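2 protein chains.
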Amino acid sequence: MKEIAGGVCAARGFRAAGIHVGVKTHNLNKKDVALIVSDTMCTAAGVFTTNVVKAAPVLVSRAHLANGKARAIVCNSGNANACAPMGKENALRMCDAAANALGCDSDDVLVASTGVIGQMLKVDVIENGIPRLSGLLEASAAASDAAAHAIMTTDTVKKEVAVETVIGGKSVRIGGIAKGSGMIHPNMGTMLCFLTTDCAISSEMIRAALLETVQVSFNHISVDGDTSTNDTCIVLANGMAGNAEIAEKNGDYSVFVEALEVLCTKLARMMAKDGEGAKHLITCTVQGAASGKSAETISKSVISSTLTKAAIFGCDANWGRVLCAMGYSGETFDPDKVDVHFASAAGEIAVCEQGQGLPFDEELAKKILTEDEVEILIRMGEGDGSCTCWGCDITYDYIKINGDYRT
Amino acid sequence: MKEIAGGVCAARGFRAAGIHVGVKTHNLNKKDVALIVSDTMCTAAGVFTTNVVKAAPVLVSRAHLANGKARAIVCNSGNANACAPMGKENALRMCDAAANALGCDSDDVLVASTGVIGQMLKVDVIENGIPRLSGLLEASAAASDAAAHAIMTTDTVKKEVAVETVIGGKSVRIGGIAKGSGMIHPNMGTMLCFLTTDCAISSEMIRAALLETVQVSFNHISVDGDTSTNDTCIVLANGMAGNAEIAEKNGDYSVFVEALEVLCTKLARMMAKDGEGAKHLITCTVQGAASGKSAETISKSVISSTLTKAAIFGCDANWGRVLCAMGYSGETFDPDKVDVHFASAAGEIAVCEQGQGLPFDEELAKKILTEDEVEILIRMGEGDGSCTCWGCDITYDYIKINGDYRT
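Residue numbers (my numbering), protein chains in the order written: chain A, 135 to 541; chain B, 135 to 541.
Fair warning: there could be bad hints in the mix.
Identical copies carry no separate label here, and so any pair may be met within one copy or between two of them.
25 Å max Cα-Cα, derived DSS-like pairs, lysine-lysine [unchecked claim]: (1) Lys164 <-> Lys500; (2) Lys222 <-> Lys471; (3) Lys427 <-> Lys304; (4) Lys383 <-> Lys203; (5) Lys534 <-> Lys292; (6) Lys400 <-> Lys136; (7) Lys534 <-> Lys413; (8) Lys413 <-> Lys400; (9) Lys413 <-> Lys164; (10) Lys383 <-> Lys427.
Hints in this document: simulated from the structure, not taken from any laboratory. Keep in mind it's a predicted model, so treat the numbers as computed, not measured.
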């Protein structure tokens with residue numbers, strides 16, 4: 135497996151485009167609608183927000199995926215089309231407009247939105263823009279880049295990855311673009327992720343592969359504990375790689391899932407690192423937990439702890455907050471068996487052994503925590519469970535960005 | 135019932151003191167040890183942190199309360215004595231020192247600590263200071279004030295309330311001091327609260343009254359979702375009011391619990407309002423939920439939402455985040471039946487009706503949210519459940535305070 139260029143256009147038979155149509159009114163340079171299209175019909179699957187309050191496009195896309203097939207994804211940023219008048223109607227109008235431009239069935243178009251909640255979507259400007267958007271569709275790295283930018287809200291960097299692997303002797307490519315930033319939490323925070331692959335894989339297997347992958351990638355990140363109304367992760371598979379269709383959990387399936395996991399984990403880390411205002415990517419690895427589930431719960435609790443996030447922002451090796459967050463995770467364990475280390479490119483330092491503080495070199499600790507990417511390593515001595523989750527620090531900029539988001 | 139002066143010294147037969155002994159080394163003017171003593175033996179009860187990682191003083195106080203009796207409370211700030219070497223030994227040494235000074239049994243002394251986790255407590259300076267502290271014990275408002283200051287960490291205002299009611303024809307007083315600020319969350323965040331009363335009430339009933347009260351006061355506040363290792367709420371009742379002892383859940387019990395609830399709710403609101411760096415007290419009232427429990431879960435989810443807290447900091451009527459936080463609370467409900475209003479001393483404004491945004495006067499909304507105390511009112515149309523919880527906004531100062539707490 136190797137990383138390749140091209141994002142959602144890396145896989146054969148996929149084209150994309152992204153333009154500004156006017157949903158974002160503050161800055162005319164900011165793209166706000168993206169279109170991703172396969173030349174042929176795809177097997178497809180989606181994972182959506184667990185929030186009881188679901189945005190209209192989530193409901194529409196879920197319905198359109200009922201048959202396990204789709205050909206295109208249309209997405210706007212700048213307005214979430216959630217809790218908004220005419221929500222479902224407007225989401226359907228986006229599908230219709232894309233279907234008209236592409237000459238396909240409206241049911242084969244998936245739709246997603248991200249942005250402010252509760253304001254009516256200016257669907258007219260999207261409808262008016264879609265013919266132009268469709269005319270710009272291209273199978274190029276530049277086109278994927280445009281689509282990746284068009285789905286961004288407060289993201290500061292675009293999130294785009296593609297990989298190539300070999301399945302049944304054929305080269306298979308998978309690419310993806312994503313947006314994250316705020317309202318990010320395990321069980322799908324406002325994140326959008328659109329994945330394309332030329333792998334031949336059945337509807338059942340692409341769904342199984344997506345669920346398995348989301349569980350260990352996007353569901354292992356947190357920015358602020360707020361799970362949004364719009365979270366959507368969609369994969370389209372058009373089979374153009376020419377491999378024998380994966381229709382069961384065989385060796386080919388494992389190779390595909392492995393590649394999908396590598397790709398989605400990269401996107402998930404990018405989201406965590408680009409959490410609103412974040413200065414640090416925090417990786418928390420728990421080993422020796424009573425079970426994998428216990429390790430996951432504890433690791434998520436640590437990366438979600440506001441106090442731990444604030445300590446990392448301050449490059450302060452305040453491991454007491456790590457133990458504290460483990461303790462209120464809901465899991466039971468013996469605190470007197472817990473070891474904690476901090477690590478980064480600048481080194482590794484033991485700060486807590488058997489539940490008690492160690493004397494440590496504060497200068498070295500500060501140096502380690504000053505790096506962009508820092509790790510919290512926890513050993514528990516309870517069993518064989520392990521898990522890695524990703525989060526970010528909380529900064530002045532997070533408050534600034536979110537103190538006045540609507541206006 | 136009426137509010138009176140005197141704090142923990144308002145009830146008959148209680149004395150208090152607070153001094154600087156040297157646990158806090160940065161500022162010699164900051165008191166760091168408090169002592170609260172009853173002239174006679176008390177029935178007593180405590181509620182402690184649910185965190186699996188419990189500080190040593192929590193374990194010691196819980197053991198000392200096993201017989202439902204106590205006479206004194208000794209508390210230091212500046213060091214949590216949690217995950218620290220010699221934790222239990224040092225907590226016991228604090229009890230021994232107080233017992234020696236007071237001439238009582240060490241088992242009748244309760245102990246609490248608050249401050250940084252993981253550093254060994256300088257118990258010597260506390261032991262050396264206790265004779266002087268004990269010499270300063272007084273039954274005065276000034277003495278309660280000194281004790282209230284001595285338990286503060288990052289609190290900006292002291293928390294002290296007392297009330298007087300009539301039980302069985304006798305005047306009964308209850309007083310309390312508390313500290314809050316960071317690491318505050320439902321199910322006891324780092325909060326300490328020490329309550330004294332001259333009510334005659336059995337060990338069983340004082341315990342029942344405390345549990346009932348904590349559930350609707352301290353367990354309804356959140357500052358940052360972090361439940362600390364040290365949370366402690368203790369009540370001492372010495373019976374000096376001369377009322378017939380409350381030994382069952384009769385009318386007198388109800389009067390006592392009502393007074394205790396008023397007092398604890400005031401202290402809880404003070405804690406939420408003085409959350410680290412907070413500019414706003416946020417009160418969220420949910421009505422019409424499927425059940426009281428459902429209303430509580432939803433209300434807590436709203437006041438705990440980092441994005442909602444950031445919006446209130448920015449005086450931004452971003453009600454979409456309120457709906458979103460309701461939606462990921464874990465409760466099921468119909469979003470299309472939800473109404474949301476914002477209110478404060480400056481007025482009330484409807485922003486969401488039947489799950490959808492209303493056009494509203496942004497200027498008025500801003501004016502309402504600029505007040506120190508703001509309310510989020512939610513009506514759900516599901517049933518009769520209602521609940522009120524309290525939280526605070528998240529500000530630049532929260533990040534500043536917590537980015538470098540240890541050093």
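Here is what the structure says about each hint:
1. Lys164 <-> Lys500: Result: close neither inside a copy nor across copies, 38 Å intra and 28 Å inter.
2. Lys222 <-> Lys471: Between copies only: 17 Å across, 53 Å inside.
3. Lys427 <-> Lys304: Neither. Shortest intra-copy (36 Å) and inter-copy (56 Å) distances fail the 25 Å Cα cut-off.
4. Lys383 <-> Lys203: Result: close within a single copy only, 20 Å intra versus 64 Å inter.
5. Lys534 <-> Lys292: within (21 Å within a copy, 29 Å between copies)
6. Lys400 <-> Lys136: within (13 Å within a copy, 61 Å between copies)
7. Lys534 <-> Lys413: Classified as both; 14 Å inside a copy, 14 Å across copies.
8. Lys413 <-> Lys400: Within. Shortest intra-copy distance 18 Å satisfies the 25 Å Cα cut-off; inter-copy 38 Å does not.
9. Lys413 <-> Lys164: within (24 Å within a copy, 34 Å between copies)
10. Lys383 <-> Lys427: Within one copy only: 23 Å inside a chain, 43 Å across chains, cut-off 25 Å.
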